[in-house]
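J.: Now for the letters of each chain:
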Amino acid sequence: MDIQLFRIDDRLIHGQVVIGWASCLNTKKIILCDDSVYGNEWEKELYLSCVPENICSSILNVKDMSNYLKDESNDFRSTIIVVNSPKVVEKLINLGAQIKKVNIGGIHFNDGREKYLSYLYLNDDDIESFKRSMKCGTRFECQDIPSGKKIPFEELISKKN
Amino acid sequence: MSKNYFTCIITHGNLANSLKDISEKLATSGTQMFCYTNQHLSLEEIKSNIEERIDQLKPDKIILFVDLAGGSCWHLANRIKKDHKDAVIISGVNVPLIVSYQINYNCLEWDDLLNKIVEDGKKGILTL
Chain A
6 MDIQLFRIDD RLIHGQVVIG WASCLNTKKI ILCDDSVYGN EWEKELYLSC VPENICSSIL
66 NVKDMSNYLK DESNDFRSTI IVVNSPKVVE KLINLGAQIK KVNIGGIHFN DGREKYLSYL
126 YLNDDDIESF KRSMKCGTRF ECQDIPSGKK IPFEELISKK N
Chain B
129 MSKNYFTCII THGNLANSLK DISEKLATSG TQMFCYTNQH LSLEEIKSNI EERIDQLKPD
189 KIILFVDLAG GSCWHLANRI KKDHKDAVII SGVNVPLIVS YQINYNCLEW DDLLNKIVED
249 GKKGILTL
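Protein sequence lines correspond, in order, to chains A and B.
Count along the first sequence from 1, add 5, and you get the number used in the working numbering.
Count along the second sequence from 1, add 128, and you get the number used in the working numbering.
Fair warning: there could be bad hints in the mix.
Said to hold, decoys possible - Simulated pairs of lysine to any residue, SDA-like, Cα-Cα distance not exceeding 20 Å:
| id | chain 1 | residue 1 | chain 2 | residue 2 |
| --- | --- | --- | --- | --- |
| 1 | A | K49 | B | H168 |
| 2 | B | K175 | A | N89 |
| 3 | B | K175 | A | K92 |
| 4 | B | K210 | A | S54 |
| 5 | B | K175 | A | K154 |
| 6 | B | K213 | A | E48 |
| 7 | B | K175 | A | L51 |
| 8 | A | K120 | B | E172 |
| 9 | B | K210 | A | E46 |
| 10 | A | K154 | B | Q167 |
| 11 | B | K209 | A | S54 |
| 12 | B | K175 | A | D116 |
| 13 | A | K49 | B | G141 |
| 14 | A | K49 | B | A197 |
| 15 | A | K154 | B | H168 |
| 16 | A | K49 | B | L196 |
| 17 | A | K49 | B | D211 |
| 18 | B | K209 | A | E50 |
| 19 | A | K120 | B | N206 |
| 20 | B | K210 | A | N45 |
| 21 | B | K175 | A | W47 |
| 22 | A | K120 | B | S170 |
| 23 | A | K154 | B | I217 |
| 24 | B | K209 | A | N45 |
| 25 | B | K210 | A | S41 |
| 26 | A | K120 | B | L169 |
| 27 | B | K210 | A | E50 |
| 28 | B | K175 | A | N115 |
| 29 | B | K175 | A | R118 |
| 30 | B | K209 | A | E48 |
| 31 | A | K92 | B | E172 |
| 32 | B | K209 | A | L51 |
| 33 | B | K213 | A | K120 |
| 34 | B | K210 | A | E48 |
| 35 | A | K92 | B | S170 |
| 36 | A | K49 | B | L171 |
| 37 | B | K210 | A | L53 |
| 38 | B | K175 | A | S78 |
If you are wondering where the hints come from, they were derived from the structure by calculation, not from laboratory data.
The structure displayed is predicted, hence computed values, not measured ones.
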């Protein structure tokens, strides 16, 4: 299944996604997949209010997203899917979704996280989760903005260790 | 009596600090402005830092300037406003707006101040 952009970004839908990626890729739809946002009307409204009117947007929980991804009649070639962590990707894979390629767009500093790139801070749990998804065949590429350099995640962690 | 407003500029990159520096060069500083960038730190981290300051200063009013409506700084400001209902968020912050804030901070009442700075920010955008 071809997805226009499957992105990990702990800021979910924000300027970099809407102005940066969506306008560059001529995106028609943005799906935010997050159980916590899905369960909170205030959060839902906040995120959906940032999407321009010419782009369709929706918020799904992980279970619904996995079913949506598994349904081969769906076309994601003009769709950006945003999640906030590698653990959501892993959950989707465990629920049977096939995700070929994931863009790592931003995981920011927090206690216990180590710097890998200016927009990427990771802890051991994150790295283990990435590795488990990689074993299932998912490729991860770091790139914050469309004009930014693409860095394969495998290369990034092997250089660091 | 001096006013006790909490003023904060939250932007992408170094814009917040630059806006503060420029406005202080152009006008006498009316009040202290706290500047934050969304680079590096998580939004949670910035939010807890701002809320700590608000708890310490116990301001009468809170004003949060952000650069881009819908951007991550705007999201963060909305999360602060959720717990501080009276906080005002002004997006699209620019030099004329911040300079106007510095100049008018001590001489206008809250509502007039808000109207004036937004008007001055808009007036500063011209096509010739």
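J.: With reference to the structure, classify each hint as holding or not holding.
T.: Against the structure, the hints:
no.	hint	in the structure
1	K49(A) to H168(B)	violated (25 Å)
2	K175(B) to N89(A)	holds (18 Å)
3	K175(B) to K92(A)	violated (24 Å)
4	K210(B) to S54(A)	holds (16 Å)
5	K175(B) to K154(A)	violated (30 Å)
6	K213(B) to E48(A)	holds (16 Å)
7	K175(B) to L51(A)	holds (16 Å)
8	K120(A) to E172(B)	holds (17 Å)
9	K210(B) to E46(A)	holds (13 Å)
10	K154(A) to Q167(B)	holds (18 Å)
11	K209(B) to S54(A)	holds (16 Å)
12	K175(B) to D116(A)	holds (14 Å)
13	K49(A) to G141(B)	violated (27 Å)
14	K49(A) to A197(B)	holds (16 Å)
15	K154(A) to H168(B)	holds (18 Å)
16	K49(A) to L196(B)	holds (19 Å)
17	K49(A) to D211(B)	holds (17 Å)
18	K209(B) to E50(A)	holds (15 Å)
19	K120(A) to N206(B)	violated (27 Å)
20	K210(B) to N45(A)	holds (13 Å)
21	K175(B) to W47(A)	holds (17 Å)
22	K120(A) to S170(B)	holds (12 Å)
23	K154(A) to I217(B)	violated (34 Å)
24	K209(B) to N45(A)	holds (16 Å)
25	K210(B) to S41(A)	holds (17 Å)
26	K120(A) to L169(B)	holds (11 Å)
27	K210(B) to E50(A)	holds (13 Å)
28	K175(B) to N115(A)	holds (12 Å)
29	K175(B) to R118(A)	holds (18 Å)
30	K209(B) to E48(A)	holds (13 Å)
31	K92(A) to E172(B)	holds (19 Å)
32	K209(B) to L51(A)	holds (12 Å)
33	K213(B) to K120(A)	violated (35 Å)
34	K210(B) to E48(A)	holds (10 Å)
35	K92(A) to S170(B)	holds (18 Å)
36	K49(A) to L171(B)	holds (17 Å)
37	K210(B) to L53(A)	holds (17 Å)
38	K175(B) to S78(A)	violated (42 Å)
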